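Peer 1: Here are the chains, one letter per residue:
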Amino acid sequence: MQPFSYSSPADPRVAMAEAAVPGAEVLAGGTDMMQLMKEGQRSPRHVVDINGLPYRGIAVTAEGIRIGALTRLSEAAEDQALRQGWPVVVEALEASASPQVRNLATMGGNLLQRTRCLYFRDWATPCNKRQPGSGCPALDGQNRNNAVFGGSDRCIATHASDLAVALVALDTLVLTEGPNGPRRLPLADLHRLPGDSPQVETVLQPGELITALVIPASAAARRSRYLKLRDRASFEWALVSAAAGIDLDTGGNIREARLAVGGVGTKPWRLPRIEQALIGARLSPEALRPVAELAGEGARPRNGNAFKVELMKRAIVRALLAAGEVT
Amino acid sequence: MAGAVGQPLERADGASKVTGAARYTADLSFPGMVYAALAQSPIASGRLVGLDATEAAAMPGVLQVLTKDNVPRLAPCPILLGEEGHIHSAGQSFMPLQDDRIFYSGQPLALVVAVRRETALAAAARVRLTTEGAPPAAELADPRIPEFDPLDRWEDRQEGGRGDLALGLADAAVGIDATYVTVLQHHNCMEPHATVALWDGDLVTVYDPTTWVQGMQRTIATWFGLPDDHVRVVQHFVGGSFGGKGPAWPHVALTTLAARLVRRPVQLVLSRRQTFEMVGHRPRVEHHLQLGATGDGRLTALAHYALTHSSPFDGRVVAPVTKTSRKLYACPNVLTTYRMKHLNLAGPFTMRAPGEAPGLFALESAMDELAYALNIDPVALRLANDTTTDPDNGRPWSSRSLARCFAAAATRFGWDRRAPHPGSMRRGDWQVGWGTASMAYDSRTVPTAARVVLFNDGRVLAESATCDQGTGSYTVFPQIAADALGVPVERVRFALGDSAMPTAPISAGSMTMSSVGSAVQAAATRLRGQLLRLALEDADSPLKGAMPATIDAVDGVFSRRDAPQWRDPFVAILARRSLDHLEATGQVKPVPTEDKYSRYSFGAHFAEVLVHAESGELRLGRYVAAFGAGRIINPRLAHSQLIGGIVWGIGMALSEESRLDTRLGRVMNASLADYLVPVQADIPEIDAFFVDEADPDLNPIGTKGVGEIGTIGSAAAIANAVFHATGKRIRDLPITRDKLMA
Ligand SMILES: Cc1cc2nc3c(=O)[nH]c(=O)nc-3n(C[C@H](O)[C@H](O)[C@H](O)COP(=O)(O)OP(=O)(O)OC[C@H]3O[C@@H](n4cnc5c(N)ncnc54)[C@H](O)[C@@H]3O)c2cc1C
Ligand code: SF4
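Listed in order, the protein sequences are those of chains A and B. The numbers in the first sequence follow this note's numbering, run straight up by one, and end at 718. The numbers in the second sequence follow this note's numbering, run straight up by one, and end at 1479.
No lab work stands behind these hints, which were simulated from the structure alone. Here the structure is a predicted model, which is why all the values come from computation and not from measurement. Glycine is no exception: its CB is placed at the ideal position from the N, C-alpha and C atoms. Since no wrong hints were added, every one of them can be taken at face value.
Incomplete in silico selection of chain A near chain B, CB under 8 Å: (1) P394; (2) D513; (3) T516; (4) L620; (5) A624; (6) L702; (7) V708.
Okay, chain A solo, but in the shape it has when bound (with noise of 0.2 Å):
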């Protein structure tokens, strides 16, 4: 870790305007990025500790229901309202991390975490997104976590976070304030994916901050689950995971489908033509497995990931049928 300065400040727009700055980084829960301070990854002249700022709490709104961004990953989890109407964002919280980690880590910072390729995570090794130019040893080297979709021949790192995926099925979006004001954009468009330049993440501006996240309510949102399959039994990011919601007709057919995976992509994953082909399917093995095997199609796979395109066709499934369960 190098030497920083660092600032709380209680005004936002003192906030954007020091984390506009180049050298500057913006510190939330910092369940991630002290992590990254300290193994050398990232480097701030200046850190920005926003916790100041009046970015947290939960609100059922006429929209739906809005989470500020400094809310930790445990109150949201623990939101009566968010359980009942979006069950699939709180089970993708509570699969995320440790009870510890949760208590720290927030809304906001858990969609801008870092990938977990452990390229990036490490000094000593080429890596482009961390280093841009030196070169991608993730693509025939231990590839076991990397994406199978989006990727470019220059990175394939996948984004890691649970609670995204959940939130990219629902339509969420997401607010943010900056130095150029503030702005609405669909949770969908906020992550890029690395093409050439996969040092650059999102599409947020310097000394642009997240404020809050809108989650619209519906049907489907209300019958959702998470399903997330792993190494271990907890505390590990996902292999593959899978956010469905449906809504059903009075047949007990699907009306409507929200589905997205995770560990596959190098952005939070939706599957726009598996919901659209999901729509009057019935609720049985039978009858979901075809469509879920759509969900291949475009898929990249290398040499320690392709298992992943079976597994994430054997989750949605089961994460359709799980959905189906809720009552």
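Got chain A; can you put chain B with the ligands on it based on the hints?
Peer 2: What follows is chain B with the ligands alone, placed relative to chain A:
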């Protein structure tokens, strides 16, 4: 009155650990202490061609940057292991910062000393290194890397055999020929390695969580060309070792050197990643097994050919995987071989059950395959090959409870309800599998000394230069001393972890209880004898002139068995002589080489796994295991060792692997987020227990070790259960979902 031995006492050090009062090496601080940090090689093979420390050295607070160009040379230290006269504990023969050679990724190339830890770390990152690399040797299976025979051996050779293997294979009605792989693993104790060195003239004190303070003492003395008594090594708490803290690794030398050069106490604490780079690992082993058996399941042939690796500079055996394959079962024709390759990794070292945990994964998986091939129950197959003598040397076992362990654990598990065919048991969407495996492990007792002191206020101190690596030394040795001396256990305190104390061996190989416990008992018994003599010879004692054999010692009081009203408290004996204390030392002698017995512990594992038919998700349902381990001094702590050992087996079976990028020669998942030790949610209810076993031929206290036996065989029991559930035989660990889906 019941003695302290056999009581399930709680850990004497437990409260201090959970409250944070226990001070580990990284918690220590001394006046004037400064901090070290390492600059390390990003490449695994090559040379250091340039080093620029200008920027680092100029940072405010940096005292010195040590490099190969400005440090004195250290003398080499031998790295024998398990050999006669093995008194040093160097983890590897190669010492960094002595020349320009680079042998492993993460190798220290410079060490920065600064007044604050943060400054040292920041400066270390600013040491500019220029290296010239060659592709590392990192792939054990690479045919271009030559094999060699082990250079340093354990007391028991890994190569050996009997009979005629070819004949035995030809005679067999059924054969198994398969290769199993146990992978690179790291110890991952909670407490990272840390060292503090303080010089006082030519005397040096080193604080380090080593499990062998005297080995480290002699190693440091050798490196620095000092007499042994100029070096003192101290440790009070060891936050887990699992073998990895046995040796003195090079960072200990570098810290000691830095303290000498800057003339201040220096502390170095390794990061988690650094503990993957320079303080030992369990090497990968490829085990080729051949089994042959008659139609009714008697083994006619057994071969275990092991291939593993060492560092570029050493070739010692740290994973003695083949020896027990010659011993576990009656079989007339046996062959074991052991070959190695040099890979660009730092020195490997022993890791919990270093030989038998990997070795019995292979053997017991092969036995399971044989059981299916023969259509014989896996338990019956093992019992059909039970033996009353050690088939490797013809000696009788001092005790062997294998069959009793199988019987007891099978009953508790309900093994008789098992449907024999793979894939034939189901619970909803889950396929259910039951698997079993044998456990066998050496029980050792080695020369050790202890001292026991009785103070005139009735308190007792027992001590030996051993350690408590979370295993319970602080708790169990007072139990032994209390009973041998005849005092309440609350009055006895045990001290450890100082090289100035009576001689103790490395705390490894599950031999601490047997070795230190026997020495403590000898010392306490001798002290009681001395004390009794003082009483019986004392005209003022109520016991004057009584026969020693008629005297009991209970609660710190001698009394006549025939007339208990005649009593003499220990403190009174000391008071009448005006002694403030009385002490005695005791030893346990080496086992004679022309020994009558083979001494092993045995056990039986039973695992239930559930595999989700759709997603391949794997969970453990239940776990039952029985062990024969001689006398159990503290059932609570022994039970904890069994459970902990089994949890280790679960990790080995299902998730633990240090994943190498073989192009870089680097462990890529070097963190606790990515190297997956099991979490609580992975662990089912574990029913682990001991069968009664009295074995007076083991050692004076009749104990076998319990630290490693839980781990041995458990990975095989789980793999065998996975086969029973799914029909898939996974021969390379860990059994991850992708392998089950393939
Ligand atoms: C041991 C461990 C296990 C974990 N397991 C999981 C898991 O299973 N699933 C999972 O999804 N996550 C997991 N995580 C990640 C964890 O959820 C994230 O680290 C956490 O949510 C980040 O939030 P934070 O507030 O601590 O962010 P910080 O670390 O403070 O910041 C993270 C990033 O976001 C930026 N940032 C934060 N807030 C804002 C804002 N309001 N506006 C603009 N930029 C901002 C920071 O500048 C930084 O770049 C794990 C983390 C740990 C340490
Ligand atoms: S996948 Fe991306 S993050 Fe990983 S090594 Fe390649 S460039 Fe770096």
